[in-house]
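The chain contents come next:
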Amino acid sequence: MSLLLMAPALLLLLAVFLWPMLDYAWLSLQAQTVFTGLKPVPVGLANWERLLGDGRFWQDAAQTLRFAVVSVGLELLLGLAIALLLHQSWRGRGLVRSLSLLPWALPTTVMALGWRWILNDPNGPINGVMQSLGLPSLPFLASTQLAWLAVVLADTWKTTPFVALLLLAGLQMIPTDLYEAFALEGGRPWQGLRRITLPLLRPYVLIALIFRLAQALGVFDLVAVLTGGGPASSTETLALYAYLNAMRFLDFGYSATVMLGMFVLLLASALLLVLAQQRWRGARP
Amino acid sequence: MINTIASGAGPTGDLRLEALNRRIAGRQILAGIDLAVAPGECLALLGPSGCGKTTILRLIAGLERPDGGRILLAGRDITALSPGRRQVAMVFQSYALYPHLSVERNLLLGMELRGVPRQRRQQEADRVLSMLQLESFRSRRPSELSGGQRQRVALARALLRRPQVFLLDEPMSNLDAQLREELRPQLRAILCGGEAPVVYVTHDQKEAMGIADRIAVLQNGRLQQCGTPQELYASPANLVVASFIGRPQINLLDRGDGSLLGIRPEHLQAVEEGGVAVRVLSREWHGASQQLTVASPHGDLRWITSGAEPINDQLRLGWQLQHEHRFDLDTGLRC
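Heads up: the sequence lines are chains H and V, in that order. Here the first sequence is numbered in the numbering used here, starting from 22 and rising by one per residue. Here the second sequence is numbered in the numbering used here, starting from 15 and rising by one per residue.
Bear in mind the hints are in silico, worked out from the structure with no lab data behind them. Take these hints with a grain of salt, some might be off.
[What the hints assert, rightly or not] Just some of the chain V residues that point at chain H, by a computed CB distance under 7 Å:
1) L77
2) A94
3) M104
4) F106
5) A110
6) H114
7) R128
8) P131
9) G270
10) G272
11) S273
12) L274
[What the hints assert, rightly or not] Residues of chain H clear of chain V, computed beta-carbon distances all greater than 12 Å:
13) E70
14) R114
15) V131
16) W138
17) L154
18) T165
19) L167
20) T197
21) Y200
22) A204
23) Q212
24) P220
25) A235
Even for Gly, the Cβ is constructed at its ideal location relative to N, Cα and C.
Just chain V, with the same shape it has in the complex (with noise of 0.2 Å):
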């Protein structure tokens, strides 16, 4: 049923951005973009505020028109074409719902103006409604929700689109961090593995390894890396790359040959002989594992262990030699 509602837009196909700039009052937000999505795949677009991840959004919406470079959906040409007319669902960090109007009427308006008949409307406003558990609060407005049910309105009106793709801009970042780990499962459910590419904007890493098949990580208007969790974990590109996935964040230590070594925080271990001496400097228990700050001749690093081991103030850390990655001290780059 997900996926009958999700498609039915007419031909789907990937989304592909091309060679896309953006500049604003001369400063370059975005700078040659090229990133494509296949029809249900869901790609996270995962940096720190102000790394243009949003622009990438509201350029695919067509909010803003790109400086350069070309927007192609379904294999047509959509950068020149005005928003409403580009099938392109979008949920706002904000959830940008109609205050004067109640949860049903904020579904129903969108189809309204697109010209579907009256008898339709109802029926797939009432579907998604049922869909989402959102029966009961059809006549509220949206002041008297909560901000998990305004996000499943969002959520609702943006199916209700049929688009031919769905763009979510940090539609966890207004919810406590309960609520979002319980949502990122429903949210995977509900757009992931349909007929739209999904692409999902955020800068919590944790979320983008949770929700996406594959992240691409910017940072000052600039694509990092794009590829699964599982190979930006393994291999990152760079150093931005290296220290944004992972937590808590990779150790990196200076070689002294101009590059720089980095263990992450879970491959140290604690070893009889070998390795390099080390002072335990602070402790934090949580349970199944413990995150300890300790000193070394290289600088302080940061160790995650099992919560069970006991950790004596003095000892000696080592690791295995698959997990070391090496970067370029200049450019920053994997060597």
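Bound conformation, chain H alone (with noise of 0.2 Å):
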């Protein structure tokens, strides 16, 4: 009977997951390129292999953690500070509340164009700015060193708002008599921050973090159109090198080994970040 109620849901799972995940695993043992005419021939284990050998992938890989590590980094740091502002009253905060959520609102592809027109070389407003004050203009996006930089900027631009709001939301649940009780032991409010709101802070914080690197780690959509994966592929991502492996180079069974490869590394570092969390919760304070 149970098993009958769930079915509705296990099935759309079945559809929507496992079936595309054998689907790839299959694919991933198939040579489908322009040499064979776009047809499936069976090559075994000769994707996967490629895969292991492949320099392009193992930097993407690091390319992406790197973007993922300092960008959600970012945002949580900036996140705390922005909810922790917006959670004390003052007037106008409501206005404030609501104009935060605006680039978080906004379409990525949208914001990344916006970007791509900001950080222009040298006829962007940042550059103008630059060029007024006497400084060189910067090559943002043209430069290997500041391109993955530029890409880390919009994504924590954007989806800072997220995680404010998130935290903000967690701070609204701790209750206000914590604060006074622990005023009227002699508690200072910096010393309350460490003591009563990080702590009670923790689970939002540890939601925020899962939401984030999850995204920031399959992240596309936001390099495709800033940087294209360029320059010299130093911001190409997996989930992008997946893509071009299919649409450009119409190798499509290396790209399922690609993604599949992407996959593995996830769950790998999602079991990680699990078992983080269980040692941190085990020491209880």
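Put the two chains together into one complex; each comes in its own frame, and the hints tell you how they fit.
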């Protein structure tokens, strides 16, 4: 009976999750390129062997990880600061709270195009300001050192409001009488931040972390529009690499292999995260 | 041992509130409150919700500032001090225990903030834990405790503050009725009779009478009367106090001469002749007592009498002159 009631959900999961996965697993064992006339030809583990030795795959994996860790870290720090600010009561708070959500509400493609113009060398407003100050204009999107920071900047700008909103919800769940009791015991406000706010915000930080990491590790649209993975693949992510293999190189078998490789890496990092969290929880203060 | 814990906070003395005023958004929350509580005395602030009793507590704690008046503790003006510097301990209605810390850490945190040496902290916490029979719960989180246990932890934390005044904000309101009755004498034994004044906020007159040395009745931000439970019961200063103290509520009969006659339900008695003729409308039998509603020419009356007495449907009720209370119909004041 319970199985019957769960059946619709299970079927849906199977249809949108397991079936494509199995299809990809099968595809990763085929060669399906222009040379095979775009027809699948079984090649055994050839794609997987290629993946293990593919420097571009591993470089993209490292770049994806670097992007995710730096941008999610920044978003958490900035988001926490903004949430704390919005949690105080001051005039015009409601307006600022609504306005601060705007970047998050913009479609990623639109805001990525916007940032491409803002960061344009030499015609974008940022370089305009730099030039009027007598500074040289910077090739934000054309430099292998700067381009990934530009991606981090755009992503942070867009998703910090989401993190801030989540943490603000968490802050509002903390009863004010805890702070009052704390003050009566002689605690100072900054001590309250460390002793009460941060520990009680932990579940919300974890949720934000999991949501954001999952999104950032699979980032595609922002990079595709802002830099296209360039210059010299310096901002290319795994999702973009898989896309390029299928849609540009027309190598569907290898694209599926890259996808699955990415899936395995994500699964491993998710497991690590869960383990770390359990250890964190186990250490009760 | 109880007293050694509650004391040791330096000189203790009485708490005095002088002409306290508080307005919030143009609304007068408190108007000219004068009260004094002696060391070791327990004063209950009694009144309906919204009467300002919790505001008084928050003003004493420093969580709010008065718009007028002074607060003196042991002769020192503390009106402008921050909450942390007042040496005041408060038991919140919600208990306000830190949910992420064990019982023991809940107790240790305050002492750590105040710079008590580590070894002393542990000693003190152990002592209070054993005094309140909380030892076996020391490593539990507040969410793993029952309501009564949480209240004891909140009390333990207040004791460790070694305060110059104890404040309790409806500490029983989250507990069931039976537990409340059990805890009342315990609470009294722990807090009252020490060296610090105790201010206890409640809306339950039974609780106030059971725990307090004196009761201050408040309504609409004004002090109605302050006195011992016996005083308030025997000679209520006005209609508010008369109807707030004593259950079931006092009967009020219109005399037709601009005054009301108050007779408590327990002071009515069946008489052979004289008194007023009444008809029983409803009965509740409680074992030791029975509570009746009767119709009289002056309106319906509440009557409480011994449960052993058989009551006819028609009878006459009278009362002794000494039990009459008279109030002015316009001002509500005793006359």
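Do the hints match the structure? See the list:
no. : hint : result
1   : L77  : holds, 5 Å
2   : A94  : violated, 15 Å
3   : M104 : holds, 6 Å
4   : F106 : holds, 5 Å
5   : A110 : holds, 4 Å
6   : H114 : holds, 4 Å
7   : R128 : holds, 5 Å
8   : P131 : violated, 15 Å
9   : G270 : violated, 51 Å
10  : G272 : violated, 47 Å
11  : S273 : violated, 45 Å
12  : L274 : violated, 41 Å
13  : E70  : holds, 50 Å
14  : R114 : holds, 18 Å
15  : V131 : holds, 41 Å
16  : W138 : holds, 46 Å
17  : L154 : holds, 46 Å
18  : T165 : holds, 45 Å
19  : L167 : holds, 42 Å
20  : T197 : violated, 9 Å
21  : Y200 : violated, 9 Å
22  : A204 : violated, 4 Å
23  : Q212 : violated, 7 Å
24  : P220 : violated, 4 Å
25  : A235 : holds, 26 Å
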